[in-house]
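Next come the chains, spelled out residue by residue.
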Amino acid sequence: DAKTTQPPSMDCAEGRAANLPCNHSTISGNEYVYWYRQIHSQGPQYIIHGLKNNETNEMASLIITEDRKSSTLILPHATLRDTAVYYCIVRVTGTASKLTFGTGTRLQVTL
Amino acid sequence: GAVVSQHPSWVICKSGTSVKIECRSLDFQATTMFWYRQFPKQSLMLMATSNEGSKATYEQGVEKDKFLINHASLTLSTLTVTSAHPEDSSFYICSAEWGRGIETQYFGPGTRLLVL
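Line order of the protein sequences matches chains A and B. Note that my numbering has the first sequence beginning at 84, numbered continuously upward. Note that my numbering has the second sequence beginning at 11, numbered continuously upward.
One chain only, chain B, in its complex shape:
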């Protein structure tokens, strides 16, 4: 139980293009999902908290107009990196919250983005 998937697992794109990453909770419904970013040899950094049916909450320093988050259903959240640049190259990981009483975050396998 509590399986989270991401698609695609990796993507290469040209500078200036937009990339959409999907995060799905496969066997549970998630009111809240989270998006993280991880640069090489660094730890995970929370980018934003995504709530179904409402606007995402972004962490300080994360540009909401560049990283568009949509959480239109209880099993799907999407992250769109708009006008991607080489510095956006990173490992993007989502998590979905599940549990009764004590919510636990379960993570997807991650999406590796390379912007050329």
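Isolated chain A, as found in the complex:
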């Protein structure tokens, strides 16, 4: 699976948009971009995934560049409960495909 690079930490004011970048310059054509987050002492929570088109759900938006070498997860109105470690993972499609977790970005939402 392709490797991803994320900034180790970011801060965001509550109510503002949190934009979390991810670089995946070696991504292959059959690899999706997945985002998970892990709130302290809990299991990871699935957020969103995409292949090449931008995606939006009730939690976040995912913007993937045209060359697919990078993406940005957007939390439109961050709250204190969004404080977590966010993981960007690229993964081939298909059953039993592994997720390889990197170090992620620790997002701190502040008042």
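Careful, some of the hints might be misleading.
[To be verified] Partial selection, computed: residues in chain A whose CB lies under 7 Å from chain B:
no.: 1; residue: C95
no.: 2; residue: N106
no.: 3; residue: H123
no.: 4; residue: P127
no.: 5; residue: G133
no.: 6; residue: N137
no.: 7; residue: K181
no.: 8; residue: L182
no.: 9; residue: F184
[What the hints assert, rightly or not] Listed below are the simulated PhoX-like cross-link pairs for lysine-lysine, each with C-alpha atoms no more than 20 Å apart in a straight line:
no.: 10; chain 1: B; residue 1: K24; chain 2: A; residue 2: K181
no.: 11; chain 1: B; residue 1: K65; chain 2: B; residue 2: K76
no.: 12; chain 1: B; residue 1: K74; chain 2: A; residue 2: K181
The set of hints was computed from the structure by calculation and includes no laboratory data. Just so you know, even glycine gets a beta-carbon here, dropped at the ideal spot from N, CA and C.
Guided by the hints, dock chain B onto chain A, whose structure is given.
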């Protein structure tokens, strides 16, 4: 939808004893489940892939005789830590795969194991 539970949420045991952790997919059937381990201030590390009705596939460096995995049904996988030692103390997390066409892993809340 896609809820995964784990039991117990935490366990304390004496060195040398065995501990069983259950992972259940509550509202879907999962042919494939995964077991991860996470040490303090580190990221998740995949231990093994569990397939219903067949033997688990272990990652390099994970002792299959120490970490016994059973996936006897489409909604239940168990991880047994045999003869646990203090170095096995960790946060164990399972995930179950669900989706049509594009499978997504959904994670349980984790089990914190402390071996004294």
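Going through the hints against the structure:
Using the Cβ-Cβ criterion of 7 Å, the hint placing A:C95 at the interface with chain B is not satisfied: the shortest such distance is roughly 22 Å. Hint status for A:N106 relative to chain B: violated, with the closest Cβ pair at about 17 Å, above 7 Å. Against a cut-off of 7 Å between C-beta atoms, the interface hint on A:H123 is violated, since the closest Cβ of chain B lies about 11 Å away. The interface hint given for A:P127 is met, as the beta carbon of that residue sits about 5 Å from the closest beta carbon of chain B, less than 7 Å.
The closest approach between the C-beta of A:G133 and any C-beta of chain B is roughly 10 Å, which is over the 7 Å cut-off, so the hint fails. Hint status for A:N137: violated, given a least beta-carbon distance of 16 Å to chain B, over 7 Å. Taking 7 Å as the C-beta cut-off, the interface hint given for A:K181 holds, the closest approach to chain B being about 6 Å. With a least beta-carbon distance of about 6 Å to chain B, the hint placing A:L182 at the interface is held under the 7 Å criterion.
With its C-beta approaching chain B no nearer than about 4 Å, A:F184 sits inside the 7 Å limit, and its interface hint holds. Distance hint between B:K24 and A:K181 is unfulfilled; the C-alpha atoms sit about 33 Å from each other, more than 20 Å. Distance hint between B:K65 and B:K76 is fulfilled; the C-alpha atoms sit about 14 Å from each other, no more than 20 Å. Between B:K74 and A:K181 the CA atoms are separated by roughly 18 Å; this keeps the pair inside 20 Å, and the hint holds.
The structure fails hints 1, 2, 3, 5, 6, 10 (numbered hints given earlier, in ascending order).
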